[in-house]
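2 protein chains.
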Amino acid sequence: MPVSNFTQDELDEIYAFAVDLGRKAGDMLMERVEQRISGGEQKFEEKDSSVDIVTQTDEDVEVFIRSAIQSKYPEHKFLGEETYAKGQSRDYLITEQPTWCIDPLDGTVNYTHIFPMFCVSIGFIVQHRPIIGVIYAPFQDQLFSACPGRGAWLNEKRQLPLIRNPIPPMPANAPSQCIFSCEWGKDRRDIPDGNMHRKIESFMNMAAELGSRDGKGGMVHGMRSLGSATLDLAYTAMGSFDIWWEGGCWEWDVAAGIAILLEAGGLVTTANPPENPDTAPIQDLSLGSRLYLAVRPAGPSETETGRESQERTVREVWRRVRHLSYNRPGA
Amino acid sequence: MPVSNFTQDELDEIYAFAVDLGRKAGDMLMERVEQRISGGEQKFEEKDSSVDIVTQTDEDVEVFIRSAIQSKYPEHKFLGEETYAKGQSRDYLITEQPTWCIDPLDGTVNYTHIFPMFCVSIGFIVQHRPIIGVIYAPFQDQLFSACPGRGAWLNEKRQLPLIRNPIPPMPANAPSQCIFSCEWGKDRRDIPDGNMHRKIESFMNMAAELGSRDGKGGMVHGMRSLGSATLDLAYTAMGSFDIWWEGGCWEWDVAAGIAILLEAGGLVTTANPPENPDTAPIQDLSLGSRLYLAVRPAGPSETETGRESQERTVREVWRRVRHLSYNRPGA
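Protein sequence lines correspond, in order, to chains F and Z. Each residue of the first sequence is one higher than the one before, starting from 33 at the first, in our numbering. Each residue of the second sequence is one higher than the one before, starting from 33 at the first, in our numbering.
The list treats identical chains as one, so a pair stands whether inside a single copy or across any two.
DSS-like mimics (lysine-lysine), calculated; alpha carbons at most 30 Å apart, straight line:
| no. | residue 1 | residue 2 |
| --- | --- | --- |
| 1 | Lys-189 | Lys-104 |
| 2 | Lys-248 | Lys-218 |
| 3 | Lys-109 | Lys-56 |
| 4 | Lys-56 | Lys-218 |
| 5 | Lys-189 | Lys-56 |
| 6 | Lys-218 | Lys-109 |
| 7 | Lys-104 | Lys-56 |
Hints listed in this document are in silico derivations from the structure and should not be mistaken for laboratory results.
Use the sequences and the hints to build the structure in full.
Written out as structure tokens, the structure reads:
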């Protein structure tokens, strides 16, 4: 286990520190919202496209989090979304070393519009595996957190997944009866067979009535798009979303959410279907891949283990989705 | 004005009654969630498709609301989502009379999965115009409400829209920079040029980069799907969503949300573009139409009134969306 270098006491201390940090950072996000509500609009600086607005808040909160971590754990590496953006490098910089990977503000578009689905995301990674995660969405005061040996929690009082007496298996006819979480993302280029078209084709397969679209129609129970990869993962850990499929986000968007989902009992693998989706091994998460497929925690049924029902669901999704192409710069 | 039959005191009394009723009904929804979390899963009765599950809760909450209204205001008409469903009639039953139009549980799919975007929706309609609305989403304790002469509110303490010093105009290049709220809905039939395909084509036009798709690319800031028409309208009233476009929902899904959006200063018209979207008059809301296009509250810019910027946005949406076909049974 990658956590073997740390004692439970050490993990607990890091966890408590991260929870405290998440709350304080979220409060900073909310303070700025209150300023905007009471005092009028502030100006936003546009980044590379109209879908990617970075605010001064984003940078300030990252500085706050980085300072706190570097002061408390100078021996740990630190990577933040703003650090990456400023350095003009989007290489995968995570190593075997214990690393904090944070997004000071996930759901930036939601934040600028004051749609409550924005949050701070703090992940702690050991040997490429996110093990501690804290996500705080301050507008609705929802704190998601997890630590090895301690479980995953909403507001430190409801254990995740919410329904756990018992944890339901994945539906026998998944993806039917599943809530499918997906995002349109920022790549809106209208290129034939480009990422946007491949995404939409995949969405339509998941949505369409059973048996339609050459047998690919999945008739999912609902299609949801929140505009925050971090919160998509949090709601998957909660059991609210059954499946999340996404390409194009970065490790700082998913590190904390993956830690929480894995601790809750979820599964994460690649969004891109292998050549034979029915039999190919279900690869473990590749954190730098920018391609993620997540399935909620699942318990056993009379005929399957929870893991078997999750893997069956992964294969059913793979049968319905297209390959996406999100290289890293220079990769 | 349709409210002229009521004094402000009468409206205030109805409003206070509706807020209290909304909170109590929402608490009932949440009690059942707590039972499911602590005591395991309950069984759900399936309605006409896997996307439409009705729970016992739904019926119980409607009975509670109906009894309270009929006891307090026996002279008012009452129409509830479950009343319609049970009667096998989905005719438009609203008349000139003061009518309560309620949905005991909007976002049923979210509710069954315990995704927090579910709510109770209580609308009070006079002469076909929703004038008082209460929406309560108990999981995140968000109460949206409005009454003529009293404004629109979140949790009775934040006036809507949230940013109002001043209220921003619609963006000069709308729908760019707008959050576009839309739902996949329940009609997933894979019919060429059917509603699902027309919706997706419209979604793609709104999402795609500017100038693409024969000039229809709208490059909206974000695409959001929550699975609750009621909350889509509430977040539009809040100013979080700029545009909501939907076909297929019913008057009980939208009555309360429209009352709140209109009181906040929003605009509601038809989803279906007229023959000449550039010059056709912007028709007033038709409550029974099952076709809705809503634009958030907007203030003046240096060159336009708020209403002008809303109407400009309506026309830009109409240029990009397809006609939808949702008849009423028998119509």
